[in-house]
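Using the sequences and the hints given, assemble the complete structure.
Chains as they are written, first to last, in numbering that gives the first Met the number 0: chain A, 0 to 134; chain B, 0 to 134; chain C, 0 to 134; chain D, 0 to 134; chain E, 0 to 134; chain F, 0 to 134.
Just so you know, these hints were derived from the structure itself, not from any lab. Worth double-checking, as some hints may not be accurate.
Derived BS3-like pairs (lysine-lysine); straight-line CA-CA distance at most 27 Å [as the list claims (entries may be wrong)]:
(1) D:Lys48 <-> D:Lys4
(2) C:Lys55 <-> E:Lys18
(3) A:Lys55 <-> F:Lys18
(4) C:Lys67 <-> C:Lys4
(5) A:Lys96 <-> A:Lys55
(6) B:Lys67 <-> D:Lys55
(7) C:Lys55 <-> E:Lys67
(8) A:Lys55 <-> B:Lys67
(9) B:Lys48 <-> D:Lys67
(10) B:Lys48 <-> D:Lys55
(11) D:Lys48 <-> B:Lys55
(12) A:Lys48 <-> F:Lys67
(13) F:Lys18 <-> C:Lys4
(14) C:Lys48 <-> E:Lys55
(15) C:Lys67 <-> C:Lys48
(16) B:Lys96 <-> A:Lys67
(17) D:Lys4 <-> A:Lys96
(18) F:Lys48 <-> A:Lys55
(19) F:Lys67 <-> F:Lys4
(20) F:Lys48 <-> A:Lys48
(21) D:Lys96 <-> C:Lys67
(22) C:Lys96 <-> B:Lys4
(23) B:Lys67 <-> A:Lys67
(24) E:Lys96 <-> E:Lys67
(25) B:Lys18 <-> D:Lys4
(26) A:Lys67 <-> D:Lys67
(27) C:Lys67 <-> B:Lys4
(28) A:Lys4 <-> A:Lys48
(29) C:Lys48 <-> E:Lys48
(30) A:Lys96 <-> B:Lys67
Everything numeric in this text was worked out from a predicted model, so none of it was measured.
Protein chains: 6
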Amino acid sequence: MATAKLMSNAEAEAIPEVKAVFDDIRETRGSDFINNIWRALANDPQGLKRTWDQVKAVMATPGALDPKTREMIYIAVSSANSCGYCVHSHTAAARAKGMTDEEHGELLQIIALAAMTNTLVTSLQVPVDPEFEVS
Amino acid sequence: MATAKLMSNAEAEAIPEVKAVFDDIRETRGSDFINNIWRALANDPQGLKRTWDQVKAVMATPGALDPKTREMIYIAVSSANSCGYCVHSHTAAARAKGMTDEEHGELLQIIALAAMTNTLVTSLQVPVDPEFEVS
Amino acid sequence: MATAKLMSNAEAEAIPEVKAVFDDIRETRGSDFINNIWRALANDPQGLKRTWDQVKAVMATPGALDPKTREMIYIAVSSANSCGYCVHSHTAAARAKGMTDEEHGELLQIIALAAMTNTLVTSLQVPVDPEFEVS
Amino acid sequence: MATAKLMSNAEAEAIPEVKAVFDDIRETRGSDFINNIWRALANDPQGLKRTWDQVKAVMATPGALDPKTREMIYIAVSSANSCGYCVHSHTAAARAKGMTDEEHGELLQIIALAAMTNTLVTSLQVPVDPEFEVS
Amino acid sequence: MATAKLMSNAEAEAIPEVKAVFDDIRETRGSDFINNIWRALANDPQGLKRTWDQVKAVMATPGALDPKTREMIYIAVSSANSCGYCVHSHTAAARAKGMTDEEHGELLQIIALAAMTNTLVTSLQVPVDPEFEVS
Amino acid sequence: MATAKLMSNAEAEAIPEVKAVFDDIRETRGSDFINNIWRALANDPQGLKRTWDQVKAVMATPGALDPKTREMIYIAVSSANSCGYCVHSHTAAARAKGMTDEEHGELLQIIALAAMTNTLVTSLQVPVDPEFEVS
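The following block contains the structure:
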């Protein structure tokens, strides 16, 4: 169903660069499960490594934002970008990191409200208030 | 510059439905400042009221998510939807509600990462893993 | 400010294929005014002709939908696609073809509502009801 | 397949706020059918009510635009926003409200033309003609 | 599954305008295969012809860009626009015109990088450097 | 005008991590010019470095695709994503790497055609032909 083959574990084991990334995903997440995006990206081992390094640096390194909030922001962007797979995977991740049903409900209402006012602003071509500009 | 006139305070005062919304915005926010989106929406008093009621209900009612996080989610959606005005106004709002430079930097890196993987998934047409589906 | 030069009337007159399209735009619209999109497209005379032919066939040929409704649909798509120039030009065109302030207000509320529910559906990944499918 | 459970009639009956919205949908539409978006939104009864109230106010209240035109505008926005579910449901609704095959064909040609010129304008970064600005 | 019936060969044969386009597609491509987009568009014979004429003029006429590069640009736009069908069909076409796995991998990395920096620029609302403007 | 300060050369010199990236940009490009996106990103030195490392790896490392083609793909994605700054900067870059006016014209016609058919496919919800799927 994809536009590139989804690599099996056996196929991944046979390519050292792919195996190294899959091993690091498993260790970072503390789980044996490798989801489909990584199996599709594995067709380009360099692209796979570059993508995973970014994901690990941005999502799995401690910082100012907690892991649950990071996943909720990810859901927001993925919804606005119409990426069904991404909405599915990051909603699962947010729940695994503690997002409650109440928080999910509020998140969706904010995403929906933003989409609504984004479009009104674009339809009206509202000029930026000088108060909002960083000098 | 807009596709509809931006209503002045004097013009708004003259229309009771508009005045009532402007008064409620000022009271809810504890500030006299009315930004341009409301002045543009005021050309349709019903649409103005409906939009403000939604914004107030979703953004200014206490709930599971704190005000700063709500604004950061708003920035994420507005960025993905290419709404420059909205990015400007909600970045200002997030800062007013306590977003630090460090949090802003992390937020942008998550938004950028999500946009990147959203597109990879779409280019590859990755099928949803059964593990992510809610039965 | 554009990424290609905006061609002046004098420059357009000097290129027969461009002059022919500009003449047809003026005749079809009953106006001497040539707006900037055509001056930018004129750098590629073939692309200019192909684009104008499409616009003329779809927007200026009598059919089942009236001219005002066509322009309102154009505004809807341009708003969703974040094209500020297009929102400006087609809002002006819709008004010239009879769109009232009340209709403009309703149009924007529908566009905003659709953007809102589009995003909710994407966030929730709602499966299509069999009732909606054309067999 | 969704990211939240689709609520059954029995489950909806058990939650008074959800039952009230479902009853109002059925009465407003004169039909027993509740499509999936409402069953998914029902996980957040407040969000469900807020969304339905908006839909009812904008789509089911008499105004300047007729019901068929409203649905065609909804299809236009949903197409530009890549919402497959929404395209399906609103195409069915537009047909139920009288959209003919000829009108559907013209609608799609306008949507497609707008998407084409939206992108040309963005690629060329065409500046807004002063003639289009509302002073 | 579509919002309009997919026309069979027998149905297409019965409508002269549709038959003429299908014949031209087969001759231009040197293949009997008619993919689903044309079968769906065939419900509006005029729209079918207009769309095919554009595709033929832009994609099948010799010019400055080679056929493989054209298909790769098509994949880039289709990915950014979240069109799954289009990504599928143009990835197949690009491969048929010589795109290697290595080129596909590089293409996807460029698309992903562009999506990432596009969003950063929008989040930051970076003003255009005067050096980039065409005078 | 941006949502974060654009860092001057003097400010950048004072932060070692920023100076190192600016130096690498200058050396890689063989030019003293640092465009605004980097000055805005410099507020988050880690994000700046991560972004530049990606850009350098994907755009400035020899591979299967030539530099001009890479920039044209970048323009295609940036146009579809409505990023005006990005369209400006990568059109300038493509020209610097040899894109002719003829190639620019063809590029824009392909981008426009893709946007048109992307939307038709979405409006029609065309199912993927089995012939396009990678088994």
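Verification of the supplied hints:
1. D:Lys48 <-> D:Lys4: Holds, because 17 Å separates the two Cα atoms, which is no more than 27 Å.
2. C:Lys55 <-> E:Lys18: Roughly 25 Å between the alpha carbons, so the hint for Lys55 of chain C and Lys18 of chain E holds.
3. A:Lys55 <-> F:Lys18: The given pair, whose Cα atoms are some 25 Å apart, holds under the 27 Å limit.
4. C:Lys67 <-> C:Lys4: violated, 31 Å
5. A:Lys96 <-> A:Lys55: holds, 16 Å
6. B:Lys67 <-> D:Lys55: violated, 31 Å
7. C:Lys55 <-> E:Lys67: violated, 31 Å
8. A:Lys55 <-> B:Lys67: holds, 25 Å
9. B:Lys48 <-> D:Lys67: holds, 25 Å
10. B:Lys48 <-> D:Lys55: Judged against 27 Å, a Cα distance of about 15 Å means the pair holds.
11. D:Lys48 <-> B:Lys55: Measuring from Cα to Cα gives roughly 15 Å; hence the hint holds.
12. A:Lys48 <-> F:Lys67: holds, 25 Å
13. F:Lys18 <-> C:Lys4: With a Cα-Cα distance of about 36 Å, the restraint between Lys18 of chain F and Lys4 of chain C is violated, given a limit of 27 Å.
14. C:Lys48 <-> E:Lys55: It holds: about 15 Å lies between the C-alpha atoms, which stays within 27 Å.
15. C:Lys67 <-> C:Lys48: Within the cut-off at roughly 24 Å; holds.
16. B:Lys96 <-> A:Lys67: Within the cut-off at roughly 19 Å; holds.
17. D:Lys4 <-> A:Lys96: Roughly 19 Å separates the two Cα atoms, so the pair holds.
18. F:Lys48 <-> A:Lys55: Measuring from Cα to Cα gives roughly 15 Å; hence the hint holds.
19. F:Lys67 <-> F:Lys4: Outside the cut-off at roughly 31 Å; violated.
20. F:Lys48 <-> A:Lys48: Measuring from Cα to Cα gives roughly 17 Å; hence the hint holds.
21. D:Lys96 <-> C:Lys67: holds, 20 Å
22. C:Lys96 <-> B:Lys4: holds, 19 Å
23. B:Lys67 <-> A:Lys67: Holds, at about 14 Å.
24. E:Lys96 <-> E:Lys67: Measuring from Cα to Cα gives roughly 5 Å; hence the hint holds.
25. B:Lys18 <-> D:Lys4: violated, 42 Å
26. A:Lys67 <-> D:Lys67: Not OK: Lys67 of chain A and Lys67 of chain D at ~43 Å, beyond 27 Å, violated.
27. C:Lys67 <-> B:Lys4: holds, 21 Å
28. A:Lys4 <-> A:Lys48: holds, 17 Å
29. C:Lys48 <-> E:Lys48: holds, 17 Å
30. A:Lys96 <-> B:Lys67: The given pair, whose Cα atoms are some 20 Å apart, holds under the 27 Å limit.
Hints 4, 6, 7, 13, 19, 25, 26, counting from the list given before, are not met by this structure.
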